[in-house]
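**Student:** Got chain A sorted already, so can you dock chain D onto it with the hints?
Note that the protein sequences, when read in sequence, are chains A and D. First residue of the first sequence? That's 1 in the working numbering, and the numbers climb one at a time after it. First residue of the second sequence? That's 376 in the working numbering, and the numbers climb one at a time after it.
These are calculated hints, taken from the structure and not from any lab test. These figures come from a predicted structure and were not determined experimentally. Virtual Cβ for every residue (Gly too), placed ideally from N, Cα, C. Treat the hints with caution; some may be incorrect.
Okay, the calculated bits of chain A under chain D, using three or more residues with CB under 8 Å as the criterion [claimed, not checked]: (1) 12 to 22; (2) 84 to 98; (3) 336 to 345.
Simulated crosslink set (BS3-like; lysine-lysine; CA at most 27 Å straight-line) [what the hints assert, rightly or not]: (4) D:Lys581 / D:Lys542; (5) D:Lys470 / D:Lys521; (6) D:Lys470 / A:Lys308; (7) A:Lys329 / D:Lys470; (8) D:Lys709 / D:Lys689; (9) D:Lys542 / D:Lys556.
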Amino acid sequence: MPKCENPLWPCAMTGATACLAGFEGITVVIHGSSGCYYYPTTLLHVPLHGTFILENEVIFGSEERLHEVIEELQGKGKRIAIVTSCVPAILGEDIRSMLDSNDIILVDSPGFSGNFEIGYHTALSILEPAIDSDAVGINIDGVSLFDPFHRGNVQEVVRLLTQACVPAGTVLCFDHIDKLKHCSPFTLGVDGDLASGLGNYLGNTLGFHAINETFNRIGQVIEDSNVESVINENSRQEERVIQVCDKFLRRFDPPSVVIFASFSIGAFVANLLDKYLDAEIVCIGSRTDQKYDLPYQVQRVDGLSDVKRLIDYYTPDLVVGSSFERSVKGGAAFVGITPPLRGTVRLASRPLAGIEGSLFLIEDVLNACMDRQSA
Amino acid sequence: MLSKPSPLNSCRFEGCTLTGALSVTTSIREGITVIHGPSGCAHHNFSLLHSTNLDHNRIAVPHIVSSGLLDSEIVFGGEEALERAIESAISQSPKSVFVLSTCITETIGDDVIAVCGKHWDVPVIPIPTAGFLGGSFQMGVNNALKTIAGLIGVYSNNGSVNIIGEKNLEYEVEENYTEIKRLLSLLDLQVNVRFIHNISTTDIEKIGRASLNILRDAELVSVGKQLFQQFGTPFIESFPTGFSGTITFLNQIAEIYGLQGQETITYEESLHESILDDFRDITGSSIAVDHSFMISPDYAFFHEVVKDLHIKIKPDGCLVPIPISPPIGTMGIKRMLHRWRRAIHAQM
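So here's chain A without its partners, still in its complex pose (with noise of 0.2 Å):
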């Protein structure tokens, strides 16, 4: 990323540090300053260790202070991830020759090498995902500890798994370290922008048209399921989302939208608010790389000069993004889904993905946009 004013989204050790640690049975070391560990440890809210190297190590060399944490974190029946920050990767030390077990896994994924995705990605592939041709259910993935609602997709999505009968496969990454030699053939996602392209893809859970779509799909392939309760509810809940958005539509104008997500969660929303609400959306501020084509302006944007630069113009009547995105949004009304959510308590396991997450976000927006009409 070339030069940026206030940068809007973390470095690809934070994303390969997100990715591992939503393991149980993996021990994730940053291998690098107390000024990187510190980070994903307060935005990530799971155990994480660190080598803590001193200026010294930098100069000798970090061999003795790794094997002293590794020494420490062995034996305790957890597979130990080494993630390395900027400063180890650079200084030519050869690490995987340092470690005595192969059993350690090694993800090189300094800051500079990129972006949050870029981070996810390498350390997943470096776990070596298998599928299982006996592993009954189906996989979830896109799943991330840096996602607010990534407790709650999670949750949701099993409910709807349940439900149709299907029981859930592995969860990428939020699951045992185990499970992911045991994947099953087939896989539905949260968040098309973390895919791991691991199975048969059967589909996105966001959205109404998207969950009716896959759990159709799911009928089709998967033996024994039953999708019809799904299916029904899902044409219920929808049914609801349009009264209440036509009640909605009987005082107030649509609103005009900014939205500030990644890419494919940009996408889900601005269709939402399309079709639901009638919303004009006049632009997504996408975090990661445009996709595939949308009958919307997208825009990337990684920093803070850009979202004032694209609410200013655009002057909307929401924004939906991140707190930064709060922080900038002048008299527009504003609904949270993009990491991170500071300065707001939150505890309950809220989703976006899955039936519940689309009446979630209905009933965030309309609230908000009630208020500030109200105000």
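**Tutor:** Just chain D now, kept in the frame of chain A:
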């Protein structure tokens, strides 16, 4: 445990010089800070400062520009990227630009001082950082305060008090300041400048007018000494902790200003008694504490409160929260006792 932060093995866990310096430079409203390094370093710190600002009810975001180094600059050098970042910062018409390097640019050997020394339309001020290679978080704070103070001329004295080196990332930073302001007001003294906490460039220039500098804690003594050499301003080493520490603090200030402080001391001591009376219901309670914290003289406040309220320390007592950073002044102790009472009542 060697791989987790612990107060018993703190040398490795003192944080990043860059974050320390940023906590100061981003508190100057018309300034922009350039971070010379990968964008991840800037994002991490921006996100942290954004979160802290929201905790302090400040919507404004810190103004940071990253030189956004990629693999190619790591191999061939990043000085041109730094120049572009400085140009971008200046195009936004700041009153000053602070340039902070990171561990990676220190390792590849970029000459940050030379780039900052080129002719720019506004002051471009390099602050010695370099991530963990530059020292600790506190070193970053001190370097930033000293560098900025070094740019200021001398002004006539107005008898007021400067607050030096507040912990801008501390959750209770405003409450701690309010307590110091309250204590100063008991002696009819006013705050001149919060150096540096959410102030303008114009405010910084007033720092030489005060008659006393109060440092946030003893880690800032080198900053206090520099300010004494520069402006002749005496300093008190730390915000007060504990009831008796607060009385000592008031006595120190009264002595420096040549004031009769007995009436103020009597008032504050009666406030202490009143607070202890409010917490008589937890008198005699048993609490459990991590003794590794308690050996430090910084925790004298703890032993004092335990003694005043006849609280017993037992391994099976109620685990009460002990602030890692000692509570400031009388009101800090009061808030801590509320947290203890909540914990004790929750265990009943």
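**Student:** All hints, please: hold or fail.
**Tutor:** Taking the hints in turn, this is what the structure says about them:
| no. | hint | in the structure |
| --- | --- | --- |
| 1 | 12 to 22 | holds (count 3) |
| 2 | 84 to 98 | holds (count 4) |
| 3 | 336 to 345 | holds (count 3) |
| 4 | D:Lys581 / D:Lys542 | holds, 20 Å |
| 5 | D:Lys470 / D:Lys521 | holds, 19 Å |
| 6 | D:Lys470 / A:Lys308 | holds, 21 Å |
| 7 | A:Lys329 / D:Lys470 | holds, 25 Å |
| 8 | D:Lys709 / D:Lys689 | holds, 22 Å |
| 9 | D:Lys542 / D:Lys556 | holds, 16 Å |
The structure shown violates none of the earlier numbered hints.
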